[in-house]
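*Asks:* Put together the whole structure using the sequences plus the hints.
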Amino acid sequence: MAQIIEPNPREFATVEVDPVTIDIIENALRNARYEMDAVLFRTAMSPGIREQHDEFPIIADRKGRMVVGQFGSFIRGFLDTYKDTVEEGDVFLTSDPYSCDAAISHANDWLVLVPVFLDGALVGWAAMFGHMTDVGGKVPGSLPTDATSIYEEGVVVPPFKLYRRGELNDEGLRLILRQVRMKEWNRSDLNAIVAACRTAARRVTELCRRFGTETYLSTLDALLERNRRAMAQLIKTTVSEEKLTFTDYICDDGRGHGPYKIHCTMWREGEKVVLDFEGTDPQAEGSINFYLNENMFKMFFGIYMIMVFDPQILWNDGFYPLIDVRIPEGSLLKPRYPAALSCRTHGLGRIFDVLGGLLGQRQPEFLNAAGFSSSPHLMYSGYDANGEWYQLYQIGFGGIPGRPFGDGPDGHSLWPSFTNVPNEFLEAYFPLVIDKYETVPDSGGPGLHRGGNGIEIAYRFLEPGEISIHDDRWFTYPWGVNGGLPGGRSRKVLVRADGTTEVLPSKCDHVRVEPDDVLHYITWGGGGWGDPYERDPELVAKEVDRGLVTREGGRRYGVVLDDDLGVDVGATEKLRAQLREQRGEPAVFDFGPPIEELRARCLEETGLPAPEPPVFSRGGA
Amino acid sequence: MPYRLGVDVGGTFTDLLLIDEDSGATHRAKTPSTPDDPSRGVLSGIQKICEAARIEPSELAHVLHGTTVATNAVLEGKGARVGLLVTEGYGQVLQVARSFVPGGLAGWIIWPKPEPLAALEHTIEVPERVDARGDVLRALDEDALREGLRELKGRGVEALTVSFVNSFANAAHERRAAEICAEELPDLPVSLSSRVLPEIREYERTLTTVANSYVRPTVSRYVTNLEGELRARSIDARFNILRSDGGLMGTEVARDHPVTMLMSGPAGGVSGALWIAQQAGYDNLLTLDMGGTSTDVALVERGQPKVGRETTVGDLTVRASSVDVRTVGAGGGSIAHVPELTQALRVGPQSAGAEPGPAAYGQGGEAPTVTDANVVLGYLPPSLLGGEMTLDTEAAKAAVSQIADAMGLDLMHAAAGITDIVNENMFGALRLVSVQQGHDPREFALVAFGGAGPLHANALGQLMGSWPVIIPPSPGVLSAYGDATTVLRNEAARTFIRRFGETSDEVVHAALVELADEASQALAAEREQPEHIRYQVDVRYHGQGFELPVDVALAQFEDHGLDAIRQTFDDEHTRLFTFALDAEHELVNLRAIVEGRQTSVHPEHIPQGREDPSGARIGTTPIWVEGGEREAALYDRAGLQARNRIAGPAIVTEMDSTTLILPDCVGEIDIHGNILIRPAQA
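Residue numbers (numbering that gives the first Met the number 0), protein chains in the order written: chain A, 0 to 620; chain B, 0 to 681.
A hint or two may mislead.
[Claimed, not checked] For lysine-lysine, the following DSSO-like pairs were computed, each having C-alpha atoms within a straight-line distance of at most 30 Å:
1) 29/B / 47/B
2) 242/A / 260/A
3) 112/B / 77/B
4) 573/A / 541/A
5) 77/B / 541/A
6) 235/A / 271/A
7) 271/A / 62/A
8) 112/B / 541/A
9) 541/A / 152/B
Hints in this document: simulated from the structure, not taken from any laboratory.
*Replies:* Below is the structure:
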C-alpha cells in the first residue's frame, strides 16, 4: 500500500456545484486531455508514437478514479501494490503488467503516473502510456512470437520513481535504457510522455485555483455520478436478464496452434450487468495472451454503450460499480505469471468484436459488423550500408466494418487518434521503397452498407535485414451482420528478387530479406452490414468504376454491369431474385464457413497449413 | 492624387474603405453582396464610394481585396471537378488519407465516410518513380500518361493536379507531365504538387494541390472578370488580393495559387483588428470574431499575427500558410440542447443558421439559441435604435424554457447557463492560441468584433484576464481596413532536410539569400521594391516529426550561424513543451518572406468630450447578470464622445452590434471611437 505524503493534508468537503459549472469543468478537462496528446505528438521521436499515436492519456481524481480518458483507471491498483511513498514532484514509471494489475498489458507499453499536488495536498493524477518501438529482448521490436515467458520479452520495469521529489533518477534510467535497442527513441518518447502528464497536472491545478479545489473535486464526483446514472439507465433499457453469449477467435499463436477461443456471456442482475468470460480458452503457451484489466473492459463496455446517445460526454469511472467483469484465472485473458504477453494485440482487438457482437444482439439495428481485428505490425531491422542500425515498427490498418450509420471507410484505423506514417517519410529514413499503397478491391464485406476495404502495402527492401509480422484474421473471417457478408482475410506474400514467391505466416519473426525482395502486406476488410441485394445498384456500379469493387465482385451484390459499367437493370433484378431465393432469410451473423471447414480448405485457400487445435498445459515456463 | 481602396466581400455586405494617401482621409461604403457573381457588388460599391468621395474611379491607384470566394467554393462543395495524376501504386492516396478516424475510442461507429476532393474515377496512375533522394527509379511512361489523359477527357474534368511520390526531391517528372497535360488537355489549368507545396508527406502535398485545383477555375473566373471590369472602367489601379497569411498577392499568383487565399476573409479581419488596436496603442492582442454560426480567434504578438503552416476550412485542412485562426462552432445561432441520458447542457455545434434563425427573430425558429439566451437576459433590448429591428422576447423565453425544464433550473439560470457554456467554448479556442502556445493571455488585449462578439467580449476578458477588451466602432468595416492597410508580401520556401552537422553556415546563408531573390521577383512584377525581408527556418530535433519555425535575423546569422538557431530553437521548445533535448538539430524548410512598403493611414477622430457619458444615454433596461437582476444604463454609440467613461452594468447599442459592459467594469471611449473595457479597480 503506497503511503501518500501530504505536507498540508486537507479534508475537502463536498460542496454543491451548479450544473453549468459541472459542464464547464468537464469541457476544460476534455481540452486538457487533448493537450496531452498534442504535447506528446509534437515532441516524441519514434514513428510509432509521433506519427501513429500509439498512446493513451488519462486524468484522475485524488482517489485515482479516471475522470477523462479512454482506458479506465489503474491508479488504484498501483496504489494498492506500491510499497513506497508518493510525494510532490514524484514521477512513476512502470512497464510491468504483473505489478500494476494489467493497467498495461505488455512490456512495450511504458506507463507514467504523476500525482498532482496543490498547496501541499494531493488533488489528482495524470497518467499516460505509450508503446515503445523496442524494449530489448530476443527480437527487434520486442514482440517475440516464440516467447513462453515474460523473461524473454525485454526489460520489465516494476513501478519505480523516475523522479523523486523532482529529482531525476538518472542512474535508474540509464540502467533501463541499457537494455533496449533504440535508446534515443525511448528516452525522448519518455520525456514527451512526462511533459504531457505535467501539462495535464498544470491544467488541473489551474482549474482548482479558478473554481476552488473543493468545487473542482466535488465536480469530479458529480461527473462520475452523471456517468453512473446514465449507464444505469442504459443498462436497464438495453441489457436483458436473459443470458446472451458470443464467441470469436484469435486465429493462431504463431506456433502452429489455433484458433483460440474468446467466449463471453452477458446478462443483467438488477441494475448490474455481468460480463463473464467463462468458456474462454486457457492461457496459451506462447505470447498471444492478453492480460485484461477488468476496469479497462468496463470502460470499453461503457464507451460502446454511450457513444450513440451523447458523444460529447466525458467517459469516466463513475459507472464501474454497475458492471461485474469475471475473467477466469489462468485463461487467455488472465494468464498466470510469468506467462508471455508481448503479442497481445490480437486479443485486445478481438474483444471489441466480441463486445460489439454481444451488445448488438438484442437490437440488431445498432449492430456493427466485425473488423476490429487487431493492429497488424511490421518490423524491419538490420545494419545499412554505413553500418548503422535501422529499426522500423509500423502499425497497419484494415477496413472499418459496415455500420448502421453507413459504409465503413477503406483502410482506416479503429484505434482512436492513430494515423499511418507518410510513405515518403519511411523512404527518407529507412532503406525501403513503397511500391504500392492501395486498398484491396472486394475485401470489404458486401452489404447494404459495405465494409471498408483492407490495404495492400508493397514494401521493397533495399538492405539485407530481418522482418517480423504480427497479424490475424487470416484464418477466420471478419463477420458480417444482418445479411452483410464477411470481409476478406489478411495475407502476406514475399516475392523474392528472383521472382519466387512465399506465403508468410500471419505471425513470424526472423524472416531474412535481401535487397529487392518485395513484401505484399495485405490486411483484412470490414464485414458488411445489411442485405447486399438492397444496395443501390448505381452505387455498386460507381464503386466498380472507382476500383473499390471489381466487376465480378459486383455480382456478390447481385448487380450485373454492361461493358460501359452501366447497370443492366433486367439482369440485376433477375440475379438478385435468384440469389435471394438461394439464401433465404439472412441470419443475424455471417461468420463464413465453420472452423472445421476452414481447416479443411486452409492450405488451398491461404497457402498456409491449417493450425492444429491448441493444446493447453498448466502455466507458463 | 493617389487613392487606395480596401474591399472586403462578406456573406451579406461588401464593405469598402477609400483612403487618400496624401491626406490620410477616409471614406466608407457598404453595398449588398452579390453571391452569384461577387464582382457586381464590388463594382457597384466602387461606384458608390467614388461618388461619395467625389473622385473618378480612374483616380484609384491601388485596389486591395479580401475575398471569401475560394473559401465558399470549399464550404459549399462547389469547386471544380479535379483530375488527379499520381504515381502508379498510389491511386488511393486521398481515399486512405492518414487512416485517421476522429472521435476517440468507438468514434468510428458514428463517423461519416468522407469523399475525397478528387474522385477515384478521375484519378489516373502514371508509371514513374523517383526515390527520397530524388534519383529516378523508373522513367516517366509518357505514352501511358497520354492514354490516361485521353480517358479523363470524356469525364468532364475541369482542372488537373499532378502529384508524384517524392516530387519534393525531384520535380522533373511532374514538370514533364504538365507539358503533356498542356498538349492533351490544353484548356485545363494544371497544378503541380512540387510548385504548390514542395514538402515531404505525400498525402498532405497531394491534398493541398488538389484543393488548389478545386478552387482554381472559380477564383480565376472571378479575378479575371473583376480585373477586366476595372480596366473597362479605365481603372488602371494595381490590383492585389489578400492572402491567408495576411500578405498581399498579385492577380497572376492568385489565379495560379488560390489555395493560399482560403483564409483571405479572416486574415482581413485580423489585420483590421491589429490596425485598430495599434491606433489605440496595443500590439499584443487576441482577436475574437463571433458571428452567427462560429467564432474565429487568433493571436497577434508584437504587431505580427501568428502564422501557422496549415489552413482549415470546414472539414478540409491543407498545408498552406495562413494566419493561425482557430474556429469553434459557437455563435449567436448555436443551439443549446440537453441530452436526455446525461442531463448535461450542450451548446452547439449545431446552429439555427440564418433560416430559421434564433426564436427571437420571429422567423419560425423554435430551438433555443445563444441569441435567445441573450434576449432573455436582457442584453439585447427588444427594440433597438428607432425600432429598425424588433426581437420577440416571448418566443426567446419559450425557447430557453425548454432548457430550463430539462435541467430543472429557472429561466434566468438556464439562459445564463447557455451564455456561460458558449463563453467557455470560445475560452477554449482562445486558450488554444494563447496558453497552449506558451503565451500568457494577461499580456494581451482582446479585440472583439463580428455581430455577436461585443456582447460576449467582456465576459471573455474576465475569463482570460486579457485587458483591455477593445470594441472597435462599426465592426463591419474592420476587414476593409485590414485589406487597405496590409503590405504586399511574397514568400519562397524550400524543403532542405539536413542535420546541422551535415550542412554549413555558408550553404544555409546562400540558400536563404537565393530564396529572398526569388521571392522579390514577384514583388518586382507588381511594381514594388521589397522594403523588408524576413527569414525563417523550420527546425526540429532529428527524429521528431514536427518542426518549429524559427525567425532568423541575417546579420545575427552571419555572426553566429547555426549556433544561434540552435539556441533559439531550444528556448522555443522549452517554452512550448517544458523541455529541450540533448539531441542533434535538423533543418526541415528554409523560407524567405519579402514585404513591400507600409501605407500610412490616418484613422478618424471623434469629438472630444468629458468623462460623463450621459449625453449618449438613452435610458435604462433591466438585465440578469451575475445571478441577479440589475438595472443597466443604455447608450447610443453614435452619441458617445472621446474620454467618456461608462460604468457597468451598461449596454451600448449601434446599428449592427450591441456591447455589454459588466458590473465592476468600465468602458472608456478613445479618440477613434473604440470602447476600451477594463475592470473598475485596476
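*Asks:* Run every hint past the structure and note whether it holds.
*Replies:* Outcome of the hint check:
no.: 1; hint: 29/B / 47/B; verdict: holds (9 Å)
no.: 2; hint: 242/A / 260/A; verdict: holds (19 Å)
no.: 3; hint: 112/B / 77/B; verdict: holds (19 Å)
no.: 4; hint: 573/A / 541/A; verdict: holds (20 Å)
no.: 5; hint: 77/B / 541/A; verdict: holds (21 Å)
no.: 6; hint: 235/A / 271/A; verdict: holds (8 Å)
no.: 7; hint: 271/A / 62/A; verdict: holds (23 Å)
no.: 8; hint: 112/B / 541/A; verdict: holds (16 Å)
no.: 9; hint: 541/A / 152/B; verdict: holds (18 Å)
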